[in-house]
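S.K.: Protein chains in written order, with my numbering: chain A, 1 to 276; chain B, 1 to 364.
Hints in this document: simulated from the structure, not taken from any laboratory. From the three backbone atoms N, C-alpha and C, an ideal C-beta is built for every residue, glycine too. Be aware that a few hints might be false.
As the list claims (entries may be wrong) - Over the 10 Å line for every Cβ pair with chain A, so calculated as not near, a few chain B residues: (1) 144; (2) 169; (3) 222; (4) 323.
Claimed, not checked - 25 Å max Cα-Cα, derived DSS-like pairs, lysine-lysine: (5) 60/A with 72/A; (6) 72/A with 146/B; (7) 75/A with 116/A; (8) 75/A with 60/A; (9) 146/B with 75/A; (10) 116/A with 60/A.
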Amino acid sequence: MTAALETRDLSVRFGGLKAVDGISVTVEDGRVLGVIGPNGAGKSTFINLITGQIRPTRGKVLVAGRDLTGAKPWKIAAARVARTFQINKPFRGLSVRDNVAIGAMFGAPGGGSVAKARGVADEVLERLGLSGVAELGPTELSVAHAQRLEVAKALALRPRVLFLDEAMAGLRPAEMEPQLELIRELRREGLAIVVVEHVMRAIRSVCDTVLVMQEGRELLTGPPDEVLADERVITAYLGQRYAERQRAERAEAGGSGPAVADQVGPRPEGETRAPG
Amino acid sequence: MAATSARPGMPESESESAHPELGAPTTGPPKAAPAGRTTASQLAGWALVLGLLVICLLAPKLFIPSFLRTLSAVFMFATLAQAWNIIGGFTGYPSFGNVVFFGLGGYTIAVLMARSHWSFWPALVVAVVLGAAYAMLIGIPTLRLKGHYFAIATLGVAEGTREIVLNVPKVTGGGAGITVPAVGPSATTSYPGNTGFLYYFLALLVVAMLAVYAIARSRFGFALRAINQDEDAAAAAGINTTRMKIAAFMVSGAITAAAGSIYAFQQVSIYPDRLFSVDITVLMVIMAVIGGSGTVIGPLVGGVGLQFLSEYLRQNFTDYHTFIFGAIIIVAVVLLPEGAVRFASETVRQRRLPIMDNLRRYRL
Numbered sequence: 001m002t003a004a005l006e007t008r009d010l011s012v013r014f015g016g017l018k019a020v021d022g023i024s025v026t027v028e029d030g031r032v033l034g035v036i037g038p039n040g041a042g043k044s045t046f047i048n049l050i051t052g053q054i055r056p057t058r059g060k061v062l063v064a065g066r067d068l069t070g071a072k073p074w075k076i077a078a079a080r081v082a083r084t085f086q087i088n089k090p091f092r093g094l095s096v097r098d099n100v101a102i103g104a105m106f107g108a109p110g111g112g113s114v115a116k117a118r119g120v121a122d123e124v125l126e127r128l129g130l131s132g133v134a135e136l137g138p139t140e141l142s143v144a145h146a147q148r149l150e151v152a153k154a155l156a157l158r159p160r161v162l163f164l165d166e167a168m169a170g171l172r173p174a175e176m177e178p179q180l181e182l183i184r185e186l187r188r189e190g191l192a193i194v195v196v197e198h199v200m201r202a203i204r205s206v207c208d209t210v211l212v213m214q215e216g217r218e219l220l221t222g223p224p225d226e227v228l229a230d231e232r233v234i235t236a237y238l239g240q241r242y243a244e245r246q247r248a249e250r251a252e253a254g255g256s257g258p259a260v261a262d263q264v265g266p267r268p269e270g271e272t273r274a275p276g
Numbered sequence: 001m002a003a004t005s006a007r008p009g010m011p012e013s014e015s016e017s018a019h020p021e022l023g024a025p026t027t028g029p030p031k032a033a034p035a036g037r038t039t040a041s042q043l044a045g046w047a048l049v050l051g052l053l054v055i056c057l058l059a060p061k062l063f064i065p066s067f068l069r070t071l072s073a074v075f076m077f078a079t080l081a082q083a084w085n086i087i088g089g090f091t092g093y094p095s096f097g098n099v100v101f102f103g104l105g106g107y108t109i110a111v112l113m114a115r116s117h118w119s120f121w122p123a124l125v126v127a128v129v130l131g132a133a134y135a136m137l138i139g140i141p142t143l144r145l146k147g148h149y150f151a152i153a154t155l156g157v158a159e160g161t162r163e164i165v166l167n168v169p170k171v172t173g174g175g176a177g178i179t180v181p182a183v184g185p186s187a188t189t190s191y192p193g194n195t196g197f198l199y200y201f202l203a204l205l206v207v208a209m210l211a212v213y214a215i216a217r218s219r220f221g222f223a224l225r226a227i228n229q230d231e232d233a234a235a236a237a238g239i240n241t242t243r244m245k246i247a248a249f250m251v252s253g254a255i256t257a258a259a260g261s262i263y264a265f266q267q268v269s270i271y272p273d274r275l276f277s278v279d280i281t282v283l284m285v286i287m288a289v290i291g292g293s294g295t296v297i298g299p300l301v302g303g304v305g306l307q308f309l310s311e312y313l314r315q316n317f318t319d320y321h322t323f324i325f326g327a328i329i330i331v332a333v334v335l336l337p338e339g340a341v342r343f344a345s346e347t348v349r350q351r352r353l354p355i356m357d358n359l360r361r362y363r364l
C-alpha cells in the first residue's frame with residue numbers, strides 16, 4: 001500500500017545552518033503523526049518543506065506515491081494536502097465564510113464557483129460549530145474560534161493529508177477537547193494527519209506515532225508513551241540539569257513511570273507547555 | 001517551566017457557555033436579512049450610476065466646450081485610478097510605475113498612426129495588447145517583490161522605459177515628440193473633437209467600472225484579496241499566486257494603455273516627459289487611495305472628486321493651486337486613511353461621523 005505521505009531524507013540548509021536534516025517519515029491513511037521538539041528544532045520548517053513554502057535542498061516528498069518534491073504550494077494543495085499555520089493567517093477583509101470558501105474555490109480539484117464554494121464553506125463551518133460566526137470578520141473571533149477557523153480553512157480543501165501546526169496553542173483545557181475530538185474524527189475518516197504540538201496531552205491522546213526533532217534532526221520515533229518516557233526526550237525538552245534532578249527524584253521515589261508524561265501529561269486540570 | 005494558565009477550579013459550565021457552538025445547534029437563517037439590505041443599497045447605487053451616465057451622455061448639449069474637456073480629464077483619471085485599483089487596491093501591490101502603460105499605449109497609437117498610417121481603432125487594439133504584454137514582461141520579475149520594494153522597482157521600470165522612448169528618435173521622435181495625424185489628407189481617422197473624446201473616455205470608464213465590478217465578485221477577485229491579506233495562506237489554499245498577480249497586473253496595464261491611447265489621440269502632439277510623467281502615477285494612487293482602494297466605487301469617487309477639485313483650484317487660485325491641493329490631500333489621508341467610501345459606510349453603520357477616529361487611534 002502506498003502511504004498517503006512519505007518523506008525521504010528531507011533536508012534544507014540556510015547558509016551554514018542545517019534547519020532540517022535528513023527527516024524520513026511515513027504516514028498512512030487514517031494515522032496521526034505527532035511532531036514534537038524544543039523551539040527551533042525545525043518542526044515548522046519540516047512542514048514548510050512538505051507544503052512547498054520552502055524548497056528542500058535534499059530529499060524527497062511523496063504524496064500518495066507521487067513525487068511532489070519542491071512543488072509550489074498551490075500544486076501541493078491541489079494534491080489535497082492542506083495545512084494550518086502556527087501563526088494564524090486569516091484573510092482579514094473577508095468574512096469567516098469567505099475565508100473558508102477560498103479553500104473550496106481553489107484547492108479542491110477542478111475548483112468551484114463562488115456560490116458553490118460558499119456552500120462547501122457552510123458545510124465545513126456547520127461541522128466545526130462555526131455557523132454562528134460565519135458573517136463575522138476573522139478579527140472578531142475568540143482565540144478558540146480563530147484556531148477552529150484555521151482548521152476550517154484547511155478542511156475546505158477536502159484534504160487527504162492534513163498538517164496542524166500548533167492548533168492547540170492558546171486554548172484552555174476545556175476548549176482543547178473538541179479540537180482533539182475533531183482530530184480523532186478526521187482520523188477515523190481516513191485522513192493522514194501530522195500534528196506539530198507543544199501540548200503533550202494532545203500528543204498522547206491523538207497520535208499513533210511521535211517524531212521527536214532536535215536541531216533539525218530526528219532524535220527518535222515511536223509510540224507516544226514510549227517516546228515521552230525516553231531520557232533523551234526529557235533532556236532535549238527540559239535541559240540537562242532539570243532532567244538529572246528529575247531522575248534523582250524518581251530514583252528516590254522508586255518509581256519508573258513515564259517521566260515526560262508525569263511531568264507534562266496526564267494531570268487532569270490542564271496542559272503544560274514545553275519551556276519556551 | 002512556562003506553564004500556561006491552567007485553571008483547575010474553573011467550572012465546566014463557564015467554558016461551555018462561552019462557546020455555545022460546541023453543543024447547541026445554531027439557529028435562525030442569518031443570511032436573508034443582510035442580503036436584502038445589500039440589494040437595496042446596490043439598487044440605489046446603480047440608479048445613481050445610471051442617472052450620472054444619462055447626464056454624461058447629454059453633456060455636449062448641456063455644457064460649454066471647456067467643461068467638456070474637464071469632464072474628459074475627470075473620466076480619464078477615474079479610469080486610471082480604477083485600473084491602478086486592480087493591482088494596488090485589490091492585490092495589494094502598490095505599483096508606482098503604472099504610467100508606463102499609459103505612455104506605452106499613447107506611443108503605440110502615435111507611432112502606428114503617424115509612421116505606419118494605421119487608423120485609430122486597430123492601433124488601439126494593438127496598444128491594449130501591448131499594455132497587457134508589457135505588464136506580464138515586467139510583472140514576472142517585479143511581482144516577486146513586495147510592498148515598497150515593488151513600488152520602487154515599478155517606478156524604476158517606468159523611468160527606464162521613458163528613457164528608452166526618448167532615445168529612439170527614429171521611431172518615437174525622441175524629446176521633440178511625435179504628432180498624430182489628426183487633420184488633413186494624412187489623417188487616418190477623423191478627429192473626434194471634444195464630444196467624441198468625452199464619449200471615448202466615458203465608454204472606457206464604464207468598461208473599467210464593469211471590469212472591476214465583475215472581478216470583485218469572481219473567483220479571481222477573491223484570489224486577489226486573499227493574496228493582499230496573506231500570500232502564504234493564499235498559496236496554501238490552492239491559489240496560484242504568481243499567475244493571479246500577473247493577470248491582475250495585465251488587466252491593469254491593458255486598461256491604462258487604452259486610456260493613454262485615447263489621451264495621445266486627443267492631445268495630437270505627445271512627448272515622453274508628459275506621457276511617462278511620474279505625476280500621473282501619483283495621481284492614480286492618490287485618487288484610488290482617497291476614494292477607497294480595494295473597493296469598486298472608491299476610485300470613481302476619488303478620481304471624479306479630486307480631478308474636479310484640482311481643476312477648480314487651478315482656475316480660482318492660479319498661484320497657489322498645487323499648494324492647496326497638496327494640503328487637502330494630506331488632510332484627507334490623515335482623516336480618511338481607509339478612503340471616502342469606507343468612511344461613508346462606517347458613518348452609516350455607526351450613525352455618527354467618525355471624522356476624528358483616526359486621529360484618536362494613532363494620537364496624531
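S.K.: Of the numbered hints stated previously, which ones are contradicted by the structure, given in increasing order?
M.R.: Hints 3 and 10 are the ones this structure does not satisfy, whereas the remaining hints hold.
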